[in-house]
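Starting from the known structure of chain A, arrange chains B, C and D on it as the hints suggest.
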Amino acid sequence: MEIFYPITPAHYLVLSAVLFGIGVAGVLSRKNLFVALMSLELMLNAVNLSFVTFSRVNGDVTGHVVVLFVVAIAAAEACVGLAIVIALYRLKEKVDLDLFKSLQG
Amino acid sequence: MILSILIGLPVLGAVLAAFFPQERAAKTIPLLASATTFIFSLLLYTRFDPANAGFQFQEIYPLVPRFSINYSLGVDGLSLWLILLTTFLTPLVVLGSFGAVTQNARGYYACLLFLEASVIGTLAATDLFLFYLFWELMLIPAFFLIGVWGGPHRVKATIKFVLFTMAGSLLMLVALIYVTHEVRSFDYTKVFDYSFPQDVQFWCFLAFALAFLIKVPLFPFHAWLPDAYTEAPAGGTVMLSAVLVKLGAYGLLRFCIPFFPYAARAFSHWIMLLAVAGVVHGALMATLQTDFKRLTAYSSLSHMGLITLGIFTFSLPGLQGGVVQMIGHGVYMAGIFLLIGMLYQRRGSHQMDAYGGAAQAAPLLAAAMLWMLLSAAGLPGFAGFVGEILILTSAYKTWAFPALVAIAGFVLSAWYLFNFYGKVFLGTPKANPDNTKTNRKTNPKKDEEIFLLPDLSLSEGLALLPLVLAALWIGLNPNFFMDPIEKSLDLKVIEKLKPQPVMMDFAAQQRRLQDEMESNRQPRKKNNN
Amino acid sequence: MLEAILFYILAAVLLGMGLLVITRTNPIASALGLVAAFAALAALYALLSASLVAIIQVLVYAGGIMVLMIFVIMLLNLHPDDLKPMKAQGLTVVSALMGALVVLGPVIWVLSPAGSQPPAALTAGFGDIFAVGDKMFTGYLFPFEMLSLVLLTAIVGALVLAKRKL
Amino acid sequence: MDTFPIELTALLPLWIVVGGALALLLLEALLGEEGRKASPVLAGTILVLALGCVFHLLSLKGMPGSLFQGAVVVDLYSLTLEGICLLSALLTCVFSASYLRRERAVTGEYYALILLAVSGMFTLALASDFLTFFVGLELMSLAAYVLAGYLRVQERSTEAALKYFMLGVFASGFLLYGIALLYGASGVLHFPDLRHFLEQGRYSSPLVEAGAALLLVGLGFKVALVPFHGWAPDVYDGAPAPVAALLSTGVKTAAFGAFTRLFAEAFGLPGNWVPAFAVLAVLTMTLGNLGALGQESVKRMLAYSSVAQAGYLMVGLSAASLAPADDLERAVAFYLLAYTLMTAGAFGWIAWAAGKGETGTGFEDYRGLGLKCPWMAFMMALFMFSLAGMTPTAGFFGKYYLFKLALDHGLLGLVLVAVLNSFVSAYYYLRVVVFLYMKPVEGKETAGLPAPLDLRVAFLLCGLGVLAAGFLKFPF
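Protein chains in written order, with our numbering: chain A, 1 to 105; chain B, 1 to 529; chain C, 1 to 166; chain D, 1 to 476.
This is chain A alone, in the form it adopts within the complex (with noise of 0.2 Å):
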């Protein structure tokens, strides 16, 4: 029980590090862009909340810095990603990874 019960900084650390690793599976397998767009932020969301328990480790505010600064450059990335998806969509008429295959080789 010892490993349950308290709940530590560490608890948190490896939840955040298991979203991380959902997030990198999701963009690793699906195909799909939206798809693929959402787990690109699990997994900034899944470094964010290893920020806010380093925070809270540190008793020093400056996690909280970077979480707010990550938030806002993960908006950024979801626009100019949303953006590709809907020039692609436009070129296609699909969004999905698969088909986008001139350039490999």
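It is possible that some hints are incorrect.
Derived lysine-lysine pairs resembling DSS-like cross-links, with alpha carbons at most 30 Å apart [what the hints assert, rightly or not]:
{"no.": "1", "chain 1": "D", "residue 1": "K372", "chain 2": "B", "residue 2": "K160"}
{"no.": "2", "chain 1": "D", "residue 1": "K439", "chain 2": "B", "residue 2": "K27"}
{"no.": "3", "chain 1": "B", "residue 1": "K498", "chain 2": "B", "residue 2": "K487"}
{"no.": "4", "chain 1": "B", "residue 1": "K397", "chain 2": "B", "residue 2": "K487"}
{"no.": "5", "chain 1": "B", "residue 1": "K496", "chain 2": "B", "residue 2": "K397"}
{"no.": "6", "chain 1": "C", "residue 1": "K163", "chain 2": "D", "residue 2": "K439"}
{"no.": "7", "chain 1": "B", "residue 1": "K156", "chain 2": "D", "residue 2": "K439"}
{"no.": "8", "chain 1": "D", "residue 1": "K372", "chain 2": "B", "residue 2": "K156"}
{"no.": "9", "chain 1": "A", "residue 1": "K31", "chain 2": "A", "residue 2": "K92"}
{"no.": "10", "chain 1": "D", "residue 1": "K372", "chain 2": "C", "residue 2": "K163"}
{"no.": "11", "chain 1": "B", "residue 1": "K190", "chain 2": "D", "residue 2": "K356"}
{"no.": "12", "chain 1": "B", "residue 1": "K190", "chain 2": "B", "residue 2": "K498"}
{"no.": "13", "chain 1": "B", "residue 1": "K27", "chain 2": "B", "residue 2": "K156"}
{"no.": "14", "chain 1": "A", "residue 1": "K31", "chain 2": "C", "residue 2": "K135"}
{"no.": "15", "chain 1": "B", "residue 1": "K190", "chain 2": "B", "residue 2": "K487"}
{"no.": "16", "chain 1": "B", "residue 1": "K430", "chain 2": "B", "residue 2": "K496"}
{"no.": "17", "chain 1": "D", "residue 1": "K439", "chain 2": "B", "residue 2": "K160"}
{"no.": "18", "chain 1": "D", "residue 1": "K473", "chain 2": "A", "residue 2": "K92"}
{"no.": "19", "chain 1": "A", "residue 1": "K92", "chain 2": "C", "residue 2": "K163"}
{"no.": "20", "chain 1": "D", "residue 1": "K37", "chain 2": "D", "residue 2": "K356"}
{"no.": "21", "chain 1": "B", "residue 1": "K27", "chain 2": "D", "residue 2": "K372"}
{"no.": "22", "chain 1": "D", "residue 1": "K439", "chain 2": "D", "residue 2": "K356"}
{"no.": "23", "chain 1": "B", "residue 1": "K492", "chain 2": "B", "residue 2": "K190"}
{"no.": "24", "chain 1": "D", "residue 1": "K356", "chain 2": "D", "residue 2": "K372"}
I should point out that these hints are in silico values taken from the structure, not numbers from a laboratory.
Relative to the frame of chain A, chains B, C and D by itself:
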């Protein structure tokens, strides 16, 4: 300033030739530039002091001050004749190419002059870094010369040539970085005075020697040579055989042996054996060829093996013989390859079968060729003789076995050279392959035109005359060439090769160097203030 | 004890929703899963005394980014046939997950000093808008200024990529 | 003004570039068609102005060091990186001007995005804490994603953008995770603080190592080190050629420059990183070169070559924990300068020679071009010689300094591998020259391509730079 001007003049000529709008001027500018360079280079001979073994005509300017790389030039006995050989041959090559090169002539001459400049730079550099700069720089014009104006398989030949040479020089670069880091200087004399520990000597010798032996080329590293010589245009072949390969031998004399004497002595027997193997291999391959340009390429390989043999006897006559043979080889190979180019220009073939009885149609050409072949075969009184005898006798004294094999190789060389002469110039005249059978129906010609093989033109004759005279001059008066360089060879190579009585303690040497650096640094600081 | 119960509930929601995101065929379902995951994250932040971050998480992520994403999904109005179900990629998912668990989790668990040390005592107002704002506008003023350019770039970039005529 | 000015003026180049980006956007919005025509000129002027400013700052005595409470550091190294990035952007602008006219895709936003990317590069070059570093990286990358997909009517361009974006954000995730772990271990974000923390040796967990390793993975993706390079050939190949010039030079310069500063200054732990970096170096060089060997498109060959070139940089970086930071930064900065001149030149040349829609990027397409356009072809030959590391070009000096650095610190084996690689690379670089000059023209004769004056001037400067860079006095 003489040396800088010698490098600068051809560069200037090359730039002018490349930029000048008129194709006609493209011929006169390079000729003027190279001739001026030659005349100017005579100053080197007249002002050279044979009693001084050190560098003369020195110039030093900082090039990359932060790494204390200097633009420093100098000439001593080792490089004197090779520079003069280069400046002597270039105008002749330019003159000899007038008829042969018609397409993109401006680029051709620019490359030729650029090559001359980089060769002179390589020979005159007394800073190791500068030497490497020029050494690698030679590749670029040579790459273009073979690749653009060469024969049908030129691309393969030029890539092979560049890659072989590069492979060697890159390893040399690593060794060079190592050596100069150890000595903490790029200055030739500093490295020269330093004695390296034995294991360092071994590896660095191998790395340096590989670069130079590929260039010479020594027996197993020669695969680039037949292709490059055969495919290059006549002028390019002359530069390759008469000048570029000499730089390999020069590198051995200048860097490899004096820097790493211990390793040089340890490897000398192996290299002598390989040199002799090259002599025999070249000779045997030459007898098998039906293409006479390829034949001559192999004979050149064979003769370069002899030069390497002479150098690695480590005796004064052997070294002198090597240097004289370099000059002689440069002159007669230049002659032979120019003449081959002229034959090709007339018939469009390098096959011995395509010719026959050429002496009747072109007596002057035949006479010049005979003269050069006699030199090459080492007939007494001609350019090849003195060097050969000196090398063979001193090699015999050092180690009899390879010398005897080399003599056998030389007998063979007389045979294939005269076989070539006989097939091409004697016998019954053969028709020009361009005008035979199928061609004749569509393009009927008179009988005279079929056998047409015009004699030397004025510019061709002018290009060959100095070579003919030089071949004789070297044969008749070898001391003219040997005396000025004796002192340098003796002090810079042989002295260094004698086993050192007391090897200086390595740590002490490092300390001494560091002290020297400190003491150098301090006065400079004062000056700044 | 309360913290532990909350933590486990939230962790279960977070991971469950995360898995939902990467396994659903319909992107709308994924998006809704993501919203739920973000909400759980916000609650976790609150548990870690990061009040401002928790609020921003809800406002910006759930309120902004997700709306944008759902909007685009609706805009493109994809035909269900276009959305291929996940093929035999379960293996990739499992391996990536296992990798993350096997490598990252234990490394942090076992080796992190944070795992065994009690967290630092908190000052009053830790993680509220004053503390964070104070930090952001003193030590991190320069990157904050640059952040405005990031947003500008995103706007211009989206415009360039998505407008009809070049 | 002989000594260094205060904070705001020390960052003047950055302010100029940011102001320029805003001005270009306003110009496009207010003047429309007229503004479009003027935008390349305006962008060029701004970049030249900023470059002049950088040169002026370089010539001043007494660098201010860190500013904005340690967020940025202005020293000779960061100023030099700024100069190189500006050079890259300036060349890109010149190459783009005629390229975009040909593709009928001129907009003011394009140049504004270039300037925004440059401000990201500056931020990255100046960064002295992880947050600034990350923001700079993202600013640069976002602009780069958009630029890669700028010709969105072309499938290859949009695809390049997608691939670049996906892997870029993916890499950012790892990078950020690495930063989080480092922050967790040390509680600080500033590089000097981190170094201080590490030097005290108080940390007892591999959290630092794990963080730094994740950071390495993230940066490895960004600068395309093998095995994280998969995206690079596709992106450089698919992006419009002038953009590829910017992506492979300016973006890489900033990322590598910051990478170097990070590992030379923040993680100055003796010996720790040598094996990891050496393995990355060997893999990157070897696989990059092998990839380039088999290509039939010059543009794609250049893409692989830029991967291989990153490997040579890694050879120098392998000495990061052994050599003094100054020596390392100097060697890296010089190589980046040389690399920028030759690679940007080569991609720019492709932009010129490939024709409308970039249809002619194969080796075969350049048969005999050397005879039709001798001077333009000669420039390409010069870039190829430089990339192959032949003397006396900048490429040779760059490699020389890097290899010397590694060799001086005992990495003989690594240098031998590097030398072997540079030998292999000579083959495919020279192949370009062979096609330009040594292959007979087959089929129909095509007329020589016209080259506008601005292009010619840019190539001439590039060529002269390649020839002279090794002999010029370097800022530090």
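Determine which of the earlier numbered hints do not hold for this structure and return their numbers in increasing order.
Result: hints 6, 10, 11, 14, 16, 18 break, sorted rising.
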